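The primary structure of each chain is shown beneath.
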Amino acid sequence: MNTIWALAGVVIKELYRRKDFYVLFVLTALITIAAGMVNFFNDPKIVRYVKDICMLLIWVSALLIAIVTTARQIPAERESRTIFPLLAKPVTRWQFILGKFLGCWLATGMALLVFYVFFAIITGSREQYWPWLTYLQAIWLQWAMLAVVIALSLCGSIISAAPSSTTTICFIAVAGILLVGGHLNTVALHQAQPLQTIFYTIYFLIPHLEWFDIRDRVVYDWGLLNWLDCVRATLYAAAYTGLFLLLTWLGFRRKSLNT
Amino acid sequence: MSIILKTEKLRVEFTSHEFRQTTKIALDSLDLEVNTGEVFGFLGPNGAGKTTAINVLLGFVPPTRGAAYLFGIDVRQPIARQRIGYLPEMTYYYKFLTAEELLRFYARIFGLPRTEADKRIDQLLKLVELEPARKRPIKSYSKGMQQRVGLAQALINNPDLLILDEPTSGLDPLGRMQVREIIQRLKNEGKTVFFSSHELGEVETVCDRVAIINQGELKASGRVSDLVAQHHGNLEKAFLDIIGYQTQSAS
Ligand SMILES: Nc1ncnc2c1ncn2[C@@H]1O[C@H](COP(=O)(O)OP(=O)(O)O)[C@@H](O)[C@H]1O
Ligand SMILES: [Mg+2]
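Just so you know, the sequences run in chain order A and B. Per my numbering, the first sequence starts with residue 559, numbered consecutively. Per my numbering, the second sequence starts with residue 13, numbered consecutively.
Excised from the complex, chain A in its bound form (with noise of 0.2 Å):
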C-alpha cells in the first residue's frame, strides 16, 4: 500500500509542476468570474442559465483533466524510460497501475474541489444561499464517475501507445455516454432487428456515466438526492472502475517493456 501511495505521489507532484495543468484551472477560474459577473442582473432566469453553464464548464474541464493526465501517464513513462528503474524495484505491475490510477484520481478530485469552492463562493455570495449537501452529492458523484472515465483512460492507454489518440477516443467515448448512453434503449425500440439488438447490447455493457450527472438538481435546486442512491451509485462506479484497471492489468501484465 506504501509503494501505491508513494507512485500517486509522485502523479500529483508532476501535475502541480507543470504549466499546463494552472493553464486549465486559470482559464475555469476567469470563465466562473466572468460569468459571476452577470449575475448582477437581478433575474432568477440569467442567474440559472450562468449556473448552468458554469457546471458545464466544470463537467468539461474535469473530463479533460481526469482524461488528458491519465492518458499521459504510462506512455510517458516508457518513453522517458523512467519505467526501468521502477519496475527494477520490487514493485508488481498491478501496484504500478493503481498507483498511477489513485494519483491521477486524487489530483482530479483536487481540482475538482477547487471548482465547486469557486462555483459556490460565486453563486453564494450573490444569493446568500449555500446547499452544502447539494454540493457534497454532486461532487462526490462526479468524482465517482471520473474514476470509471480514469481506469478507461489507462485502460486505453496500454493499448494505443499515443497519448492524444487515447485522449481523442476516450473523450468522444465518454462524451458520447454522457450525452446519448441514456436514451440508446429508447432509440432500440425504434429500430430493425440486427440493430435493436446491438444497441440494447450497447446499452447493457456501458458504464451508464449520465446517472452521475446531477448537475439539474445543483442549478434548479430540486433538493437532495436519497442517500441510498448516492452508495448504489457509488458501488456501480466502484465496480467498473474495478473492471477496467481489471483490464488494464491483464493487457500490461505481460507486456514486454524493451522500448
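Hints were generated in silico from the structure; no laboratory data involved. Among the hints, erroneous ones may be present.
Have a look at the derived ranges for each label pair, beta carbon to beta carbon [said to hold, decoys possible]: (1) A:L694 to B:G123: 29 to 39 Å; (2) B:G256 to A:L763: 55 to 65 Å; (3) B:G256 to A:G809: 52 to 62 Å; (4) B:I85 to A:T744: 50 to 60 Å; (5) A:W563 to B:I91: 17 to 27 Å; (6) B:I85 to A:R636: 18 to 28 Å; (7) B:I85 to A:D610: 56 to 66 Å; (8) A:R636 to B:E216: 30 to 40 Å; (9) A:I591 to B:R88: 28 to 38 Å; (10) A:I730 to B:T217: 52 to 62 Å.
Below, computed lysine-lysine pairings styled on BS3-like, alpha-carbon distance capped at 30 Å [what the hints assert, rightly or not]: (11) A:K577 to B:K151; (12) A:K571 to B:K131; (13) B:K199 to B:K231.
Model, not experiment: these values are computed from the prediction. Think of the CB as a built atom: it goes at the ideal place given N, C-alpha and C, for glycine as much as any other residue.
Following the hints, position chain B with the ligands against chain A.
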C-alpha cells in the same frame, strides 16, 4: 562460494509484425553464473544482446525459452528484485523531482523507515558528490550528474547485487573514473557487481571475471588474466579474436 545470478539456456526472440513476420534471435542458449562478491564484466559489441539479457534479469522481457534466477529466485517474481540495484543503459529520471525527492520516493518503495532513509540519502548523495545539487530539479543536471543520480538510486536499498548496464557510456574521462571508483568501493564492501560494457580498458582494471557475447551467443568466459594469456596480448586483442574480427595486419 554461492551463485547469486544465473541464467539457464536463455533464449529471447523478438517478432516484428510489420510487412511479414520476421523473428530476430537476440539471445540464444545463454548460460551465465556469477558468484557472490565478484565484479563480473558482461562484454560484447553493440547489438550483441547485453541489454536484452539484463532486461530478462529484471523481468522487463519474458524469456522465450530458458530461465533466469537472482538469489535462486526466478526473475518472474518481483521479490527476486528486493536485494538488487539497477542502473539502466540510458536513464532519465522524473525531471520535475529533485535528487533528494527521487531518492526518498525509491526509499519508500523499499519500505525504508523515515530516519533510515534520511541517513541513507545523505550518505549516497555524498558518495556520488551531489550534495550541493540535492534540492535542484533533475532537469537542471548535466549528463554526468544524471548518471550519478542513477548510481545513487541503484544503491538506495543497500543492495547485495548491482546490475549496471553500460554505466560509463557517454561520460567524460573524469566521470568514468568516478564510476570506476564507486564500483571498486562496492567490491571492497563485499557487494557483487554485474555490469555490461564495451569499453575494455575499464573492464581490465576492475573485473574479476568476464563473459563475452556476440550476436546473442556466449563466446567465452573466464578470468581476465586467463583470456589475455590464451590470446597472447591484451584484453582488446582477446576480445577481437573471440568475436571473430580479423585485424588488417593479421589477415
Ligand atoms: N524490441 C526489439 N525488437 C526487435 N529487435 C530487438 C528489440 N530489442 C533489441 N533487439 C535486437 O536485439 C539485439 C540485441 O540488442 P541489445 O540487447 O540492445 O544489444 P546490446 O545491449 O548488447 O547493444 C539487437 O540486434 C537489437 O536490434
Ligand atoms: Mg545495450
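These are the hints, each one checked on the structure:
no., hint, result
1, A:L694 to B:G123: 29 to 39 Å, "holds, 36 Å"
2, B:G256 to A:L763: 55 to 65 Å, "holds, 59 Å"
3, B:G256 to A:G809: 52 to 62 Å, "violated, 42 Å"
4, B:I85 to A:T744: 50 to 60 Å, "holds, 58 Å"
5, A:W563 to B:I91: 17 to 27 Å, "holds, 20 Å"
6, B:I85 to A:R636: 18 to 28 Å, "holds, 26 Å"
7, B:I85 to A:D610: 56 to 66 Å, "holds, 60 Å"
8, A:R636 to B:E216: 30 to 40 Å, "holds, 36 Å"
9, A:I591 to B:R88: 28 to 38 Å, "violated, 55 Å"
10, A:I730 to B:T217: 52 to 62 Å, "holds, 59 Å"
11, A:K577 to B:K151, "holds, 15 Å"
12, A:K571 to B:K131, "holds, 23 Å"
13, B:K199 to B:K231, "holds, 26 Å"
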